[in-house]
Amino acid sequence: MTRSAVVVGIGNILWADEGFGVRAVEALNEGWDPGPDVHLVDGGTQGLGLLPVVEDAGLLVILDAVDFGLVPGVLMVATDDEVPRYLTAKKLSLHQTSFQDVLALAQLSGHAPARMVLIGVQPQDLETYGGGLSPAVAARIGEATDHARAHLADAGFSLMPRNTGSDVEPLGPVAVAMPLYERDTVSPDISETAP
Amino acid sequence: MSSITTPNGFSVDNSGRRMVVDPVTRIEGHLRVEVNLDANNTIQNAVSSGTMWRGLEVILRGRDPRDAWAFTERICGVCTGVHALTSVRAVEDALGIKIPANANTIRNLMLATQWAQDHLIHFYHLHALDWVDVVSALKADPKATSALAQSISPWPNSSPGYFRDVQTRLKKFVESGQLGPFMNGYWGNAAYLLPPVANLMAVSHYLEALDFQREIIKIHTVFGGKNPHPNWLVGGMACAINLDGPLAAGAPVNIVQLNLVSSIVDRTIAFIDQVYIPDLKAIASFYKGWQYGQGLSGRNVLAYGEFPVHANDWSDGNLMMPRGAIVNGKISEVLPVDLRDPNQVQEFVDHSWYKYPNEAIGLHPWSGITDPDFRLGAKTVGTKTHIRQLDEAAKYSFIKAPRWRGHAMEVGPLSRFTVGYAKGMPEFKEPVDKLLKDLGLPFEALFTTLGRTAARGLEASWAAHAMRTFHDQLMANLRAGDLATASTAKWEPSTWPAEAKGVGQVEAPRGALGHWVHIKSGKIESYQAVVPTTWNGSPRDPAGNIGPFEAALLNTPLADGTQPLEILRTLHSFDPCLACSTHVMAPDGGELVRVQAL
Chain A
483 MTRSAVVVGI
493 GNILWADEGF
503 GVRAVEALNE
513 GWDPGPDVHL
523 VDGGTQGLGL
533 LPVVEDAGLL
543 VILDAVDFGL
553 VPGVLMVATD
563 DEVPRYLTAK
573 KLSLHQTSFQ
583 DVLALAQLSG
593 HAPARMVLIG
603 VQPQDLETYG
613 GGLSPAVAAR
623 IGEATDHARA
633 HLADAGFSLM
643 PRNTGSDVEP
653 LGPVAVAMPL
663 YERDTVSPDI
673 SETAP
Chain B
22 MSSITTPNGF
32 SVDNSGRRMV
42 VDPVTRIEGH
52 LRVEVNLDAN
62 NTIQNAVSSG
72 TMWRGLEVIL
82 RGRDPRDAWA
92 FTERICGVCT
102 GVHALTSVRA
112 VEDALGIKIP
122 ANANTIRNLM
132 LATQWAQDHL
142 IHFYHLHALD
152 WVDVVSALKA
162 DPKATSALAQ
172 SISPWPNSSP
182 GYFRDVQTRL
192 KKFVESGQLG
202 PFMNGYWGNA
212 AYLLPPVANL
222 MAVSHYLEAL
232 DFQREIIKIH
242 TVFGGKNPHP
252 NWLVGGMACA
262 INLDGPLAAG
272 APVNIVQLNL
282 VSSIVDRTIA
292 FIDQVYIPDL
302 KAIASFYKGW
312 QYGQGLSGRN
322 VLAYGEFPVH
332 ANDWSDGNLM
342 MPRGAIVNGK
352 ISEVLPVDLR
362 DPNQVQEFVD
372 HSWYKYPNEA
382 IGLHPWSGIT
392 DPDFRLGAKT
402 VGTKTHIRQL
412 DEAAKYSFIK
422 APRWRGHAME
432 VGPLSRFTVG
442 YAKGMPEFKE
452 PVDKLLKDLG
462 LPFEALFTTL
472 GRTAARGLEA
482 SWAAHAMRTF
492 HDQLMANLRA
502 GDLATASTAK
512 WEPSTWPAEA
522 KGVGQVEAPR
532 GALGHWVHIK
542 SGKIESYQAV
552 VPTTWNGSPR
562 DPAGNIGPFE
572 AALLNTPLAD
582 GTQPLEILRT
592 LHSFDPCLAC
602 STHVMAPDGG
612 ELVRVQAL
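Chains as they are written, first to last, in this note's numbering: chain A, 483 to 677; chain B, 22 to 619.
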């Protein structure tokens, strides 16, 4: 019954740990060949624009930074009906409201994903504009992608590891992919002025 | 103060009850609005505040200018394409890079697609709920709804059974308690004027538009390689074209894909002309008496111009959507606009949370400074982390105050149509006159919240037909043997001057957008973006002029003094996007909407 799976990383890479979801899906793409039935998507902060991406997915895996009020870097996994509730548990950024709306609209229009998994990390820093991931959060990328692969495998989608040295089609422009972005990052210190 | 008249002619009185709406919902980004209400719940003062800081300008410094688009498209989720396009145009302008004819046509087609899609989404998914009562739709008679739909449009999905199905789905959805986008509505408010049948028709089309918007954006996937986040390129477009080539991932765009684009264009025209426009008229006919929200519309409006017919030519005569400024309501006179002139576009910060060495003056974006300075005025109620009431006499927003020759200006579809109308261009004048005539409204009715919403619909139709023009142009040029989509002549930094300045402009769906770049030794020395919501959401300036949102809210009565429905209606008519104009700094929102009466 499950014909295709979608792994979508959401968040804004320009806001430090907000970029976790996108970085995690990039990492998945670096290390693993998704094959023809699994779509890896850098969802950014597109609100309704993500509707076509999630609609009719047999399995939707969402990678995101979600504030559970836990210790930074803690990973958590929610499935199916828990997902919308977790996405709004504690709203910390704009995209979460709209992504929850995306899921609701997919349901209203009769195209809800058959199954959903949310893999979320507790962020540490969401305020450094132009910053990269904080170390505690970056350290969990591998584990998050392991969870994603395990859920994909359970649904019948086993990803094969890429051969070392093989050419990987990046998900987006290399200038904003993690290595170059973080190498050249310069952030203004405005933490003292936060309202 | 209690009552004053601003230099731009608005009477403002902050003595009444203060109402705070924070955040304003169904927009991108964080916007806070505070108003003072008199004893009749009519707005006498309005304060618009972007509560997030955005430091794009700071993080682009030192980067490769050819990569800037990839960063700028990340500043906002819904405006990705327009920022990317503005950025590549700015860099091309700085470096004197000429793009091929096909690249110009493809960009025009992608931008027109973005307009049609954005306007459609805005009308049905962000704005309609300010006019349409979803809960009332549950009470409609499907048969009568069908009769209404068939009386206004030949659109085929209009049978009683169709509307009954939608009603059943909606009922199930509402009963499931997972209201999603319908949460926090002011259902039942007396300011909702549609009968149940019109509400059901509109909700049905809300769902159809949802299905359709996923079709239309496939055009971006064809030319941008993927969506979301299509690829852009300094020097042209990243897609190669080979009409007879195979259909395969990574292969050049071929005739099969171009035919798909053509069929999407046809369906876009049909949907907008047979669903969106008839709905707009039907809804407007019930709100004709609600003539509020003029603000700066019809008085001070600005359009940068868009859709160059021939590549690399930004002269007035080559732009399908005209450029120009109108000030002080003199519609008979469209003034020339030059984005390079240091005396025209300037940003002020004396009421914004930034600092300049001298805040009495404005800075042209090429000399712009983005240096945050979060300080509250003496009359602020609350603390830095929990502001209960802003002090608009001091700094009160993370949005700067852009001015054109010192004037606060409204931008967006209504401003563009006003400039086109003022220039006597029939493609803008005729649809406006026809709509007003059909609704039995005078010309002045155009300059209202309703007029702003109507102009967006007319523009969506204009854009859909323009998509056809652009696709035909592209096919003709390709068939004539010109397949070039990019110029690489000046790709290498060794071919660039040691120092260069450029400006990129785009009329984004929500209004005039500009990026000003300064390149030095192959790297970005400075970068400033002035986005549409910076214009429309602008705070006060040193002279005391209020901004377009603020002006448009004045004198509007609230049907229920505890519900900001009319405030949302007018703000949404601008299609605000705060994610671009400001950036995050606010503490956790917690509740979705906080309406405070002080």
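Worth double-checking, as some hints may not be accurate.
Partial list, computed: chain A residues near chain B (C-beta under 8 angstroms) [to be verified]:
hint: 1; residue: 519
hint: 2; residue: 521
hint: 3; residue: 533
hint: 4; residue: 583
Simulated restraints on C-beta separations [said to hold, decoys possible]:
hint: 5; chain 1: A; residue 1: 562; chain 2: B; residue 2: 379; range: 55 to 65 angstroms
hint: 6; chain 1: A; residue 1: 666; chain 2: B; residue 2: 334; range: 32 to 42 angstroms
hint: 7; chain 1: A; residue 1: 606; chain 2: B; residue 2: 247; range: 29 to 39 angstroms
hint: 8; chain 1: A; residue 1: 644; chain 2: B; residue 2: 247; range: 47 to 57 angstroms
Think of the hints as simulated: they come from the structure by calculation, not from any bench. Even glycine gets a Cβ: it sits at the ideal position worked out from N, Cα and C.
Verification of the supplied hints:
The beta carbon of residue 519(A) is not positioned within 8 angstroms of any beta carbon in chain B (closest approach about 14 angstroms), and the interface hint is therefore violated. Interface hint status for residue 521(A): violated, as the beta-carbon distance to the closest one in chain B is roughly 10 angstroms, over 8 angstroms. Satisfaction of the interface hint for residue 533(A) is found here, the shortest Cβ-Cβ separation to chain B being roughly 6 angstroms, below the 8 angstroms cut-off. About 5 angstroms separates the beta-carbon of residue 583(A) from the nearest beta-carbon of chain B, less than 8 angstroms, and the hint is met.
For the hinted restraint 55 to 65 angstroms between residue 562(A) and residue 379(B), the CB-CB distance of approximately 58 angstroms keeps it satisfied. Checked against the hint of 32 to 42 angstroms, the C-beta distance between residue 666(A) and residue 334(B) comes to roughly 35 angstroms, which is consistent with it. Hint check: residue 606(A) to residue 247(B), Cβ distance near 31 angstroms, so the stated range 29 to 39 angstroms holds. A hinted range of 47 to 57 angstroms for the beta carbons of residue 644(A) and residue 247(B) is inconsistent with their spacing of about 20 angstroms.
Hint compliance for this structure: hints 1, 2, 8 are not met, and every other hint is.
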